[in-house]
Amino acid sequence: MGILTLITLVPFVAVGIIMLLPAERLKTIKQVALAAAGIDVALAVYLVFDALERVATPGPAGAPPLWHVERHAWLDRLGIEFYFGVDGVAVLMILLTAVVIFCGVLASWRHEHRGKEFFAFLLLLVGGVFGVFASQDLFLFFLFYEIAVLPMYLLIGLWGTGPKEYSAMKLTMMLMGGSALIVVGILVLFFQSGSPTFAMETIALKGVPLATQAWVFPLMFFGFGTLGGLWPFHTWSPDGHASAPTAVSMLHAGVLMKLGGYGCLKVIWLMPEGAKMWGTFFLALTTVNIFYGALVACKKTDLKYITAYSSVSHCGLVIFGLSTLNQTGFQGAVFQMFAHGLMTALFFALIGMIYGRTHTRFITEMGGLIKVMPFLGVCYMIGGMAGLGLPGLAGFIAEIQVFVGAFADASTSHRVMTVLAASSVVTTAVYLLRALTKMLYGPLQDPHHAELTDATFVERVPLVILVFFLAFAGMFPGWMIKLIAPSVAPIVARLGAG
Amino acid sequence: MSGAFQMIALESALTLLAAIVLGIGMVNPKRRDGRPEAMTAAIGFAVLFAGTFFGLSPLGEAFGGAWGVGPLSVLYKRLFLAAGALTALLACPSGEPKPSIPRGRIGEALGLMVFSVTGMCVLVSSRELALLYTGLELVTMPLVALVAFHPREPRGAEAGLKYVFTSALSSGFLLYGLSFVYGLTGTTMIAEIAQRLPAGPLTLAALIMVMVGVGFKISAVPFHSWAPDVYEGGPVVVSAFLAVASKAAGFALFAKVVGVAFARSADSVSLLVALLAVVTMALGNLVALHQTNIKRFLAYSSIAQAGYLMIGLAPGGYRADASVAFYLLVYLVSCLAAFGVAAIVAGATGREDMREYIGLSESNPKLAFVMMLSLFSLSGIPPLAGFLGKFYLFAAAAEKGMAWLVLVGAVNSTISLFYYLTVIRWMYIEKPTPVQSAVPPIRTSNCAGAVLAVCTVGMLALGVLPQILRWVESAAAAGF
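Chains as they are written, first to last, in the working numbering: chain A, 2 to 499; chain B, 532 to 1011.
Certain hints may be false.
In silico lysine-lysine, DSSO-like type, Cα no more than 27 Å apart, as pairs [said to hold, decoys possible]:
#: 1; chain 1: A; residue 1: K28; chain 2: B; residue 2: K897
#: 2; chain 1: B; residue 1: K962; chain 2: A; residue 2: K171
#: 3; chain 1: A; residue 1: K300; chain 2: A; residue 2: K372
#: 4; chain 1: A; residue 1: K117; chain 2: B; residue 2: K962
Per the computed footprint, the stretches of chain A lying under chain B, defined by three or more beta-carbons under 8 Å from a beta-carbon of chain B, are [to be verified]:
#: 5; segment: 77 to 84
#: 6; segment: 149 to 162
#: 7; segment: 170 to 183
#: 8; segment: 186 to 195
Derived by calculation from the structure, the hints in this document are not laboratory data.
We treat Cβ as the ideally placed atom computed from N, Cα and C, and that holds for glycine.
So that you can see chain A by itself, here it is in the shape it has in the complex:
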């Protein structure tokens, strides 16, 4: 069994163990979940070091390099294989997923209500996410994609807050609607390319007719874009993230939305001609994304809504980077996926912890919290700084590449949109600093808040891990670029060749 199968299997095995344990032994259940996440972090770190050594050898022509390949015949009558393999982008995403689930389990250490099912569903979802990043077969990819998306309904519906049934249903219906578009696209790609298998590289190399790309590309791009928070199909995200419990928000905004961006990258690879036809259109949509998300975040006072809309804005930046269709833009987009994943996980973890103390998420009802909880306050500030793209943190490296990439395109429309999108940095600063100031500084709003305590040890661990990765990626981006660049270069080459 290869390392990728192992990484994917570990969460599923943990789900099995948890299902067998009696519900009363919550402590053991949490330990199992944490152990599974820990094993995956270790494996993912190994995967990164290993990839950094392998990255010098180029992959096959026209396709990203592929490591740790596991390929077995499976549903052979339909051309479906069990086909695992990763490139640099996938390796980074697997690392991100492992880190976020590890921190997510720690952040829900005090979770009590129906804990057995909670951790089982959480790990089920993560297993699906690992599977998506490891899959090279479109059917397998889609299978894991659905496994990753569906548990969200129960995770929000059962353990959420506020209008949770509504949010859960809205999220599920919109994401599954996106899947409906994707499945059509997958089947059309398979049959029109005449590929004998659902392997992505075979379909990409065989190619599909131009007329097909013209309509299948937007279909699939919208399908994945829905999960990636693409405007105007982002509306599930604020409600869903606001209603979801802490760990679920962390995973969903931190990792699951990346599946959307990752899928979009694959779609561009599969249909370069379609991408060129529709690139500017999606660039325009994502400009709206970036701008609109930031503006709405300025109006919100609920911390979770602020973070959710900032996610819409930041995830828009991912697809914006992808829509530039050049090397720098792609690098920035992938970097942004990683940076935003950490950042937003940090935000939601902090919001969960702050809410657990103040029992409010409205910044209007908070103030001066830095005096009573300096650790949480400083972490929130670091997250905020990463969000508005302060150099030294991961967000900066991502944004600068995306905007440079977009501006590199000589056409006026691209440049105008780049200027518009880049100006949203200011808006971002407005809502982030406003929230920070309101929440952390000034006099205490509520006398009860004076008695609150700072983060416990168990709470500090995930925060430290996330902050560490944010700063590490911001100060030492070289290793990440080294992984990303050769993996997106073949996609760019295909775009240039036609």
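Based on these hints, arrange chain B on the given structure of chain A.
Below, chain B without anything else, positioned relative to chain A:
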């Protein structure tokens, strides 16, 4: 070539089984608790099912070509037998306060069901129209009696009446259409019809009439209106049998008559079936959104499922036959699991409304879990069988360039998720209120537990094992 008797050994054995099941009650009429009958029927079905792997239904032809068994016929026979065995097991009484069939009359009910399965086996083995029609009537007639099994209950009587009228009407249409076919070709042998039937207005008229007739059997819109009332009014076990086995027989009939006999008008068939599929899915789904009675809900869900099946049927060819047969297997385990849980809950507590399923996940976690799996499978969520099943149906249509139909199917499948999730919401999310108490813990009998176990294993295995898909594809390639 095997002897004629050997060719019909399975059907003869089934007739014998029916007689035995009916006769058990007469041995000791005073103590009729229904268990021996149900066990005999279930074991009998299971033995015959196993027998099909040991030459009980050999491939070949008999009676001058009117009777013929191909690999696909065998596949369907196994499906019918498995459905029969599971349904009989589900009917096995275990002292629940509200059994779906009165204990004293289980022998009669299951005897009729065995006859119906016999009819299904005849149906898939016939290569000649008159025999085919005889088989079809043998399927339907016992079902009429089964549906109206609670004669004193107005809903049951109404359901029976509705079923008898609509099935008679549909049979009339079918016969009328088939008479056109005979008039046009001068033969009742399906293989010869396929070669001789010219394309033309009369053929089209015949095709439409045949499709109306068959449409009733598979509850395709607009010929579906009997299904909800019948499913709701009949005993749960019978509804399960109708939804699974009878629908499978309908699709076998469809593939045989429309797919084979009208092979030369394939384009018209494709278009008509595709249109039927679209309206069936859409209407089934939209109406299912508003259902609260679990049996009615499953009825509309099964109408929508018939729509998905027609997506696979529309393109024609062996891939179409394979995808439909595979989905019917998937549907068998998924739907029976849902009906199984519904039957257990209704039998123990009398609750038939999904809003009364409140708290099921806490008082009966296993039942709720099986129900959730079956609903996910029906809506096509991996790694359950329904996902691969639907993907396969969609693949069959996409292969022939019917991408628009796939899109309609996929969107409908998303809509269906809404109501499947609604049931899950009542079981898992909603909290009991003073008005609506939680479901009390239910003791599941071994028989019913076995049915759910088999279905759960089936839902998981069909979704990932390549062997089953290979077997179905080879069978479909060889044909009926």
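Enumerated hints in conflict with the structure, sorted upward: Result: no hint breaks.
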